[in-house]
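Protein chains in written order, with the numbering used here: chain A, 2 to 211; chain B, 78 to 639; chain C, 3 to 315.
Do not take every clue at face value.
[To be verified] Which bits of chain B does chain A cover? Going by a derived footprint, with three or more residues having C-beta under 8 angstroms, they are:
no. : stretch
1   : 166 to 177
2   : 265 to 279
3   : 306 to 314
4   : 524 to 537
[Claimed, not checked] Dumping the calculated EDC-like pairs for lysine to aspartate or glutamate here, alpha-carbon to alpha-carbon at most 20 angstroms:
no. : chain 1 : residue 1 : chain 2 : residue 2
5   : C       : Lys55     : B       : Glu621
6   : C       : Lys172    : C       : Asp161
7   : B       : Lys194    : A       : Glu9
Hints were generated in silico from the structure; no laboratory data involved. Everything numeric in this text was worked out from a predicted model, so none of it was measured. Where a beta carbon is used, it is the ideal one built from N, C-alpha and C, also for glycine.
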Amino acid sequence: MPSVALREPWQDLGHQRNSAVLGMWLFLGTEILFFGGIFAGYSVYRFLHTADFLAAGRETNIYYGSVNTLVLLVSSFVMSLGSRAARAGLFRFARLCFPVTAVLGMVFLTLKGFEYNDDLEKHLFPGASGFPLPEAGAGLFWAFYWVATVVHTIHLTVGIGAVFRLQILSRDDPQWLNDSPSAEVTSLYWHFVDCIWVFLYALIYLPGRS
Amino acid sequence: MSDITAGAYEYSRTPSIGAVDNYLTHGRTLRSWLVTTDHKRIGILYALSITVFFFIGAIAMAIVRLDLITPAPDLVSDDTYNKLFTLHGIVMVWFFLIPSIPATFGNFMLPLMIGAKDVAFPRLNLTSWYLFVIGALFTIGCIVAGGVDTGWTFYTPYSSQYSHGFVIPAAAGVFITGFSSILTGLNFITTIHSLRTPGMHWFRLPLFVWAMYTTSAVMILATPVLAMTLLLMSAERFFGIPIFDPARGGDPLLFQHLFWFYSHPAVYIMILPAMGVVSEIFTCYARRRIFGYSFMVYCMVGIAVVGFFVWGHHMFVAGQSPFANLVFSFMSFVVAVPSAIKVFNWTATLYRGQITFESPFLYCLGFLWLFTFGGLTGLVLATVPLDVHLTDTYFVVAHFHYIMVGGSVSAFFAALHYWWPKITGRMYDEAWARFAAILMFFGFNLTFFPQFIMGYAGMPRRYHAYAPEFQIFHVLSTAGAAVLGAAYALPALYLLWSLRRGERAGPNPWCATGLEWQTESPPPRDNFRTPPVVVAAPYQYHSETHGPDYQHRDIERAQGTV
Amino acid sequence: MEIGNLFAEASQNAGVVDLDFLVLTIISMAIFLLVFTLVLVFCIRYRRGSNAKRGRLPEIMRREIEAGWTAGTVFLALFIFWWAVAAPAALQGQPAPALKIHIYAKQWMWQVEHPNGAREINTLHLPVGTPVHLLMTSQDVIHSFYVPAFRAKHDVLPDRIVELEFLPTKIGTFHLFCAEFCGTAHSQMTGQVIVMRQEDYAHWREVQPQSETLAAEGAALFHSLGCSGCHDPASAVHAPDLRGVFGHIVQLQGGRQVVADEAYVRDSILLPDKDIVAGFAPIMPSFSNVVNNGQIESLIAYIRSLSPQESAQ
């Protein structure tokens with residue numbers, strides 16, 4: 002009997018898996034260009050207003066940023082374990098890894114929420130009145146800070162949903178984790194979101210701190 | 078099968094079950110259409126949606142052209158005028174041209190042409206259509222609410238601070254529709270990589286499939302940049318954060334760079350599919366193998382790649398450095414080379430053919446004329462000192478309409494007439510179709526040729542009131558638009574008529590090669606009753622040693638393949 | 003008047019641009035004719051059922067010809083590029099010093115300031131045969147300074163000074179256009195470039211009175227802000243005609259009377275509901291967030307100029 006994970010128009014699971022992975026890589030290519038818009042703008046402005054960007058970068062909260070980076074890196078590691086375990090047939094272990102990944106993601110979001118709160122208390126939102134930094138480039142830095150982190154946060158939220166989806170769909174039929182490309186594809190996406198954060202960490206928290 | 082196509086495809090002819098069992102009769106409820114994952118039905122859903130948008134965009138422009146008959150701004154108010162041409166641009170670019178050939182004929186034909194059952198991700202394909210519809214609803218909502226007046230280019234700081242229009246809904250519509258085209262592109266590339274039927278090697282792919290492949294690559298890599306650009310612009314407008322605002326250290330030229338990084342490749346999203354269609358049709362009606370198949374492929378790949386490095390030619394007078402102008406001018410000349418080679422190859426395909434002049438071929442001849450003309454005026458615009466004079470005038474308007482409307486829309490109609498029998502199983506009235514093709518060609522030239530002249534004389538684009546000496550050209554242009562409008566409306570009539578009254582088409586009315594012609598018309602739900610196997614290169618219209626034979630299609634008819 | 007002559011060449015650069023265009027057009031036409039002669043010949047000769055010889059393509063029609071026209075197109079493209087780049091380079095070395103003129107663009111007018119401080123709106127007087135160096139900036143959105151007869155154009159950006167140089171060679175009046183879409187009245191953001199003899203220009207520049215410029219600026223504002231939409235005597239909207247009002251007594255609602263002086267005009271612009279003229283509905287919106295003090299001065303100067311005896315003072 003063909004697996005329930007086998008979908009139209011595929012004939013076998015391996016073919017389906019390869020194609021799904023290809024599709025996800027293409028999507029990640031799109032995502033890189035999507036964030037590329039932010040990175041390009043950031044680079045141009047940092048080049049134009051170098052000193053301002055360094056000054057603005059010092060105002061970020063590096064503790065939140067660093068802890069969050071660590072949280073995401075660990076979550077990526079766990080996600081990786083989960084998807085490998087699913088391939089190896091270790092379904093109970095895989096089904097342990099996925100919730101841990103999702104919880105780590107939520108820890109990230111919670112910390113990010115606290116950080117946003119702190120930022121707002123310090124009026125570090127350049128659109129509103131009372132923005133404390135006088136340099137012209139500082140407003141640009143913080144504008145990019147908000148756009149980049151919010152867009153990243155939305156990506157992470159989608160990622161958490163996708164990880165929970167694995168958990169739910171494999172509840173009655175753990176074999177599904179092996180047959181379906183979902184675990185691998187979700188894991189790719191998760192790593193991507195993690196990678197983007199590593200770049201954002203370097204661009205947001207490190208300027209002016211060397 | 079004749080000995081000419083014998084050996085090209087191993088095709089086992091199942092006795093036709095008749096019209097009962099095909100993709101159209103596979104579920105007849107509205108719901109069966111709205112939840113379909115059949116690439117053919119999704120293609121038709123797209124076709125219906127973009128037809129609606131084509132007419133919305135056309136009506137907007139009809140009002141503009143009527144207003145422009147007189148130099149005084151008398152028919153509508155300034156704001157309405159600005160909103161109308163903005164609407165025309167947004168709708169025609171994102172809701173008609175970009176999805177026109179890929180999302181309709183690409184969706185319908187791509188799996189058929191590579192011998193697949195469906196695209197790689199059928200549900201994602203349907204999702205793409207729904208995203209398109211949601212984006213469309215935002216745009217329609219924006220029109221109903223009062224419109225947007227930024228021009229389709231959304232230049233900052235006008236869009237982010239000064240415009241009173243509904244900029245964010247319009248941008249949201251484009252943003253969402255962008256994801257529809259990204260997902261379509263992703264789907265096509267995966268399909269072409271994974272679902273080619275046995276024997277369909279990369280260099281046996283029909284050129285239309287190559288066109289879809291290169292187009293999809295451009296969609297995937299360019300569209301997200303537009304999405305981010307519009308997001309940044311909307312964030313500046315909505316939250317008041319500084320991004321492109323020059324008063325707060327930002328740079329409006331950054332917006333233009335990001336915008337054109339998408340919007341120039343977008344031109345290739347529109348023209349590459351057209352090139353694919355034209356390649357299929359030239360070879361079919363010339364009964365001659367396409368000249369220089371591999372060059373045609375390399376040219377399309379070349380256009381897709383180099384097309385990413387020419388965006389700055391939109392900004393020669395915007396204030397970028399003279400060195401950047403030089404580089405982008407150079408790249409623009411480079412990108413003209415593969416297009417020129419394609420034109421030569423199409424011409425050479427006619428050599429020693431057995432040419433017949435059915436309507437799809439007439440549309441393609443029209444394409445060749447208009448595309449070549451548009452391309453050559455592109456050389457003029459790639460030359461910096463000339464572009465300084467001509468940019469933002471009607472010369473540019475005429476140039477890109479020659480490419481995007483003369484080229485892409487002619488090819489769209491060519492594809493429509495070429496594949497109509499396959500899609501619907503019916504033949505349309507050939508005399509009417511030829512008449513429409515010729516009318517369209519003349520209407521188009523009458524509309525846009527005068528714009529070259531007034532553009533060179535200095536008539537700026539997007540002008541509601543204009544100096545009286547330009548009036549004669551505007552009057553000619555409006556007259557041409559009326560002819561063009563009639564030529565666009567005609568096919569709607571005779572094609573609809575053919576749905577009921579048209580002759581039954583048979584699987585291969587044009588005696589064309591290509592797997593899509595090796596199955597029934599309309600195709601069954603799963604495309605092929607038995608999976609086809611490919612054993613030779615495409616376009617085997619004649620044997621290696623002999624040219625095409627006059628009797629060719631008569632033999633085919635006699636043998637009942639038709 | 004050179005307006006009306008569609009293809010007037012009025013700058014040193016114009017002839018070069020036109021020559022470039024002519025050469026490119028000739029090359030393009032040659033390519034176009036080549037392609038369509040071939041298409042036509044093939045379509046006739048190889049129409050279905052004709053007696054022309056078919057059969058396999060001659061050897062030369064394979065790789066050689068493909069490589070040939072690939073190389074040919076590459077060469078042609080590079081040649082045109084080189085030629086187009088090289089041609090304007092020959093123009094360098096214009097006689098200095100150039101006449102420096104400041105241009106301020108805003109929705110929807112061109113303000114011009116000449117070196118001696120003479121100002122004008124939507125017109126630009128220039129001496130013939132003198133290199134002109136424009137320093138341009140915008141106060142709001144992106145505009146584009148375009149004089150077709152000079153074949154000269156440059157976008158005018160906010161918060162940045164952009165430069166444009168040209169050398170007028172012909173006396174006459176030419177169009178000035180805004181070529182970058184800038185909002186509602188984009189197509190009315192036009193003006194005239196008046197090229198005069200050098201001594202005429204010098205004379206013109208000396209006799210420019212400041213007040214007239216202010217009034218002209220006010221007149222342009224009066225239109226661009228939409229005041230004329232209601233206050234024009236021919237307007238359908240019922241609003242007071244402002245001709246001859248300044249300096250005279252105005253009858254207000256409630257029986258009061260005021261003299262229409264500067265303070266009154268100023269209040270009427272900023273606080274229109276304060277003093278309503280008898281017989282008119284209070285429909286005018288406040289312009290307090292729209293106009294700045296300088297603009298109010300200009301508007302007052304314009305309204306003053308509508309009363310002949312007042313403006314004579």
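Checked hints:
1. With 0 residues having a beta carbon nearer than 8 angstroms to a beta carbon of chain A, the stretch 166 to 177 of chain B misses the requirement of three or more and the stated coverage is violated.
2. Under a criterion of three residues with beta carbons nearer than 8 angstroms to beta carbons of chain A, the stated coverage of the stretch 265 to 279 of chain B is upheld, 5 such residues being counted.
3. Remark: the stretch 306 to 314 of chain B is confirmed as covered by chain A, as 5 of its residues place a Cβ nearer than 8 angstroms to a Cβ of that chain, reaching the required three.
4. Restraint check on the stretch 524 to 537 of chain B versus chain A: 0 residues with Cβ-Cβ distances below 8 angstroms, three needed, restraint violated.
5. Simply put, lysine 55 of chain C and glutamate 621 of chain B have alpha-carbon atoms about 15 angstroms apart, close enough for the 20 angstroms limit, and the pair holds.
6. Proximity of lysine 172 of chain C to aspartate 161 of chain C is assessed by CA-CA distance (about 33 angstroms); at most 20 angstroms being required, the pair is judged violated.
7. Of the pairs offered as hints, the one joining lysine 194 of chain B and glutamate 9 of chain A holds, with about 8 angstroms between alpha carbons and a cut-off of 20 angstroms not exceeded.
Violation of the numbered hints given earlier is confined to hints 1, 4 and 6; the remaining hints are satisfied by the structure.
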